[in-house]
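S.K.: Next come the chains, spelled out residue by residue.
There are 4 protein chains.
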Amino acid sequence: MDYIVRDIKLAPGGKLKIDWVREHMPVLEEIRKDFEANQPFKGKRVAVSVHLEAKTAYLAKVLKAGGAEVVVTGSNPLSTQDDVAAALADDGIRVFAWYNATPEEYKDHLVKVLETRPQIIIDDGGDLVHILHHERQDLLPGVIGGAEETTTGILRLRAMEKEGLLKFPMMAVNDAYCKHLFDNRYGTGESVWTGIMRTTNLIVSGKSVVVAGYGWCGKGIAMKAKGLGAKVIITEIDPIKAIEAHMDGFRVLTMDDAAALGDVFIT
Amino acid sequence: MDYIVRDIKLAPGGKLKIDWVREHMPVLEEIRKDFEANQPFKGKRVAVSVHLEAKTAYLAKVLKAGGAEVVVTGSNPLSTQDDVAAALADDGIRVFAWYNATPEEYKDHLVKVLETRPQIIIDDGGDLVHILHHERQDLLPGVIGGAEETTTGILRLRAMEKEGLLKFPMMAVNDAYCKHLFDNRYGTGESVWTGIMRTTNLIVSGKSVVVAGYGWCGKGIAMKAKGLGAKVIITEIDPIKAIEAHMDGFRVLTMDDAAALGDVFIT
Amino acid sequence: MDYIVRDIKLAPGGKLKIDWVREHMPVLEEIRKDFEANQPFKGKRVAVSVHLEAKTAYLAKVLKAGGAEVVVTGSNPLSTQDDVAAALADDGIRVFAWYNATPEEYKDHLVKVLETRPQIIIDDGGDLVHILHHERQDLLPGVIGGAEETTTGILRLRAMEKEGLLKFPMMAVNDAYCKHLFDNRYGTGESVWTGIMRTTNLIVSGKSVVVAGYGWCGKGIAMKAKGLGAKVIITEIDPIKAIEAHMDGFRVLTMDDAAALGDVFIT
Amino acid sequence: MDYIVRDIKLAPGGKLKIDWVREHMPVLEEIRKDFEANQPFKGKRVAVSVHLEAKTAYLAKVLKAGGAEVVVTGSNPLSTQDDVAAALADDGIRVFAWYNATPEEYKDHLVKVLETRPQIIIDDGGDLVHILHHERQDLLPGVIGGAEETTTGILRLRAMEKEGLLKFPMMAVNDAYCKHLFDNRYGTGESVWTGIMRTTNLIVSGKSVVVAGYGWCGKGIAMKAKGLGAKVIITEIDPIKAIEAHMDGFRVLTMDDAAALGDVFIT
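Residue numbers (the working numbering), protein chains in the order written: chain A, 1 to 267; chain B, 1 to 267; chain C, 1 to 267; chain D, 1 to 267.
It is possible that some hints are incorrect.
Treat identical chains as interchangeable: a pair holds within one or across any two.
[Unchecked claim] List time: in silico SDA-like cross-link candidates among lysine to any residue, alpha-carbon distance up to 25 Å:
id	residue 1	residue 2
1	K17	I196
2	K241	C178
3	K42	R22
4	K241	I120
5	K241	V27
6	K33	L202
By construction, these hints were calculated from the structure, which means they are not laboratory data. A quick note: this is a predicted structure, and the numbers were derived from the prediction, not measured.
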C-alpha cells in the first residue's frame, strides 16, 4: 500500500475520532447510503486536499463508499492530524500528509497526489489546480473537473478563467448559501471561540472583543461573542454592513478607535 | 349599591378586559378554586389599594370568591382605568376610584375605603396604613393586619415599627423572591419597553440605552433592551452589581460619561 | 386648498408627531438638506400612497423640500392617522385620506390623487398603478415612472410586465437589501411585538411563540421574541431556511405539531 | 529545597503560564501590591490545597508576597498541572503534588503539607481539615483557622461544627455572592462549554442541551448555551427556580421527558 503518514500505528486513535464524528453527521450519513447504492464515482479517481481531521476524513470515506478511488492530502500542514491520516491509510485510502510538513514536504505530497492521475480534483485553497496548470501540465489530460472550497481558491480560479487558462470546470463551493451558513457563520463563529477559550485560559464574559468585518464569518463570531457575554465592537468599511451591525446592537467604530478598547481582536 | 366610579356604563368594556387576563393567569385561577372551596376570608372585609387595571381587578374578584367583602381603591390616580373600575362596581364590589383624580378626590377615596371598617388592609405604597395611624385612629380597632407591596411602603412601615407605632402586623410582599422575579425583573423589564416603544414611535434596535442601576428592575430592563438589539450602558455605584453588569456583557460607566452617549435613559 | 382629511383642526397634534420623528431620522434629514440644495424634483408632481403616519408624512415633506408638488393618500384605511394627515394638509400638501375609510371612500381618494396628473408614482401595494392601467388609462400620459415598496405590489408589477402591459418603469424598492434589513427584520420584527404587548396586556417572557416562516420578517420577529424571553418555534417549508432556524437555536416543527404548543402565533 | 513535583525542569513552561494569567487578573494584582506593602501574613505558614493550575498558582505567589511561607498541594490529582507545580517549586514555594497521583500518593502529599505545621489552612473540598481532625490530631496545635471553597467542604465543616468537633474557625468562601457570580455562573458556565466543544469536536449551535438544575452553575451554563445557539431544556425540582427558568425562555421538563430530547446532558 502506497501512503505517506507519520506513523501508521496511530490509526486506532484516528479511527475512534472518525467513528465519533460520523455519528453526529446525519446528513453525510444519508449521502453515504445513497452513494453506496448508486456508486456515482465508480471507476473515478478523486484527489482530495482538505484540512485533514476527523470530519473531512469521513468525507473521504464517503467518497470511497460512492465508488471512488480516493487520494488525500492536507491543505495546511498545521491542521493535519497524524492519527486521522493513519486511520485513512489503514482503511485503504492513499494519504500523503503529515503534521508540520516543511514547504518541500508539503509540495511533494501535493505532487504525489496528482501523480496518481485523478479525474476529479477537490481543492481547498487552489494548490492542486495551480500545480496542474503551472508546473505539471503533463498531468492535466484526464482531469474532468472538480470543486474548490475557499474564497481564496475561487479568486485564483476566476483569475485563471478570465485569462482563458483554466483547463477544466470547477464548482465554487464557497458561493453556496449553506457554505456561508454552516462553515462561516456557525462553524467559524464557534470554532474561533473554542480556540481562543482553550488557548488563552481566560473567560470571555466581560471582555471587549473587536471583530474586523461584519461578513458571514464576522457575524457568526460577533453573535457567539455576544452570547458568551462579551462586549463586541465591529469595524467595517462597507456602510450597509456597518449599519446592520449597528442595528444588531453592536458598537461600530474605526479600527483606530477600537484599538484602544479591545481585549481581544479577531481579524 | 355604594361606589364612586367615573361612569358605570363603561362596565362591559372593563369586563371584557378582566375576562381576557383571567384566561392568562392560571396560577391565580387555581387559587380562586381553592378560595371558593375553602372560603378563607369568610366574614372578613378586605380593603384593597392597587394600580386598578384588569389584572388587579381580577385579584379583587378572587378575594371576593374567597368569601371576602372587598372594597377597592386605586393606588395612583393615573393608573386607574375607569372601565375596569366600573366592571368591578357592576359586579358588586365597592369601588372608590377614578382616573386622574385630584389630590382631594384621591384622599377622599382612600378615606371612604377605610370608613367601611375593613379587617384586612392590602396596601400599595402605604397610604391606607398612613391615614389609619395618623389621621383616622378611630378606624384602627378591628384591623387584624395586611400586606404591603412596594419598597416605599415597606420602608414607611419599618420606620413606624421601629418607633413602636405600627398597630397591626403587615406582610412585606416586596421581600418575596417571586415578587422580585415577576414584578421587577420580568414585569417592569418588559413593560418599560412596551411603554417606550409605544410612546416614542421609535425602534429600539441600535439605540444606546442607559440604565441607571443594576438591581432587579435594572437587570430586567437591561436584558430586554439587549434582546431587542439595543446597546446597553449601565451606571451603578455598588461595585458588586457593577462588576456583575460588566460580566453580563454591558458597558459600565458613570452617569457623567454615559450622559453623552445615551439615546434613551431609564432611571 | 384642495384636500380630504377628517378634521383639519387636528393638525397641531400631527405636527408634533412629525417634528418628533424628524429628530430621530438623521439619514432622511441629510437627504432633505441635499434635496433642498439640488431640487431634484423641481416641477414634478409626485403621488405618494403610504401607511400615513408621522415617519412617512415626513418623507412627503422631504419630497416637497426637493421641489416636488406632493399629493398623498393612505395605502390602508386602518393605518391612516387623521392628525398626521391634517398636519400635512395644513402644511400645503394635498392629502386625500382618512382613518377607517369605506372601500368606496378609499377608492375615491386614490382616484383623486391620480386626477392631479402626477408624473411620478410612489406606490405601496400597487393600487395606484392598478387603477392607472385598468380603469383610468386616460391619466397614463405624462407618468414617467415610480417606485413600489411591497412584495405584493412587485408581484403584481412583474405579472403586468411579463404580459407587456406595464406602461412605465417602476423601481422595486422591496428588493433592496436595506429594505429587508430595516423594514422587515428590524422594523416588522419590533413593531409586531410593540403591537402584541400593547394589545394583549400580557408579558412575552415565558410564552411559547410560533412564527410561521423564517424569511426576513420571520427572522426579525423570532430574534426579538427570543430577546424578550419567549420560547420560539419556527415553521418553515424551505429546507435551507428551516435548518438556518435550527442552527440559530429555534425549535423547528410543522404547524400541525406547533399548533398544540403555541401561546401566540404570528403568520 | 523540599518539594515533590513530577519534573522540576518543566518550570519554565509553567512560569510562562503563570505570567500570562497574572496580566489578566488586575484585582489580584492590586491585592498583591497591598500585601507586599502591609505583609499581613508575615511569619505565618499557609497550607493551600487547590486545583493547581496557573491562576491558583499565582494566588499562592500573592500569599507569599504578603509575607506567608506557602505550602501547596493539589485538591484533585487530575487537575494538577506538572509544569505549573514545577514553576512554584522553582520559585521557592514548597509543593507536594503531581498529575494523576494514586490515592496513596495524593494522601501522602496532603500529609506532607500538614507536617510543615501551617497556622492557616486554605482548603478545597475539606481533605486537609479532615485529616487534621481525624488522623493527625497531633498537628492541630498551632492552627489558627482558614477558609474552605466548596459546597462539599462547607457541608463537611458544618456537620463537624454541629457536633462540636471543629477545632478552629473556617471561612465559608462558597457563601460569598462573588463566588457564586465568578466561579459558578461565569466560570463554570463558560468552562463547561470550552471543555465540551474541545472534547467532542462538535458544534453547539442547534444542539438540544439538557441542564439539570437552575442554580448558579445551571443558570450560567444555560445562558452560555443559549448564547451559543443551543436549544436549552432545564430540569428543576424547585418550583421557584423552575418558573424562573421558564420566564427566562427555557423549556422546563422532567428528566424523564428531557431524556428523549437531549443531544448533550449537563448534570
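S.K.: It remains to establish, for every hint, whether it holds in the given structure.
M.R.: For each hint, the structure was consulted:
Taking CA atoms no more than 25 Å apart as the test, K17 paired with I196 passes in both settings, with 22 Å inside one copy and 15 Å between copies. For a Cα distance limit of 25 Å, the shortest separation of K241 from C178 qualifies both inside one copy, at 20 Å, and across copies, at 10 Å. Only within a single protomer do K42 and R22 lie at most 25 Å apart by alpha-carbon distance; the minimum there is 23 Å, versus 59 Å between protomers. Taking CA atoms no more than 25 Å apart as the test, K241 paired with I120 passes in neither setting, with 37 Å inside one copy and 31 Å between copies.
For the homomeric pair K241 and V27, the shortest alpha-carbon distance between copies (16 Å) is at most 25 Å, but the shortest distance inside one copy (32 Å) is not. Taking the closest pair of Cα atoms, K33 and L202 come within 25 Å of each other only across two copies (22 Å); inside a single copy the shortest separation is 43 Å, beyond that limit.
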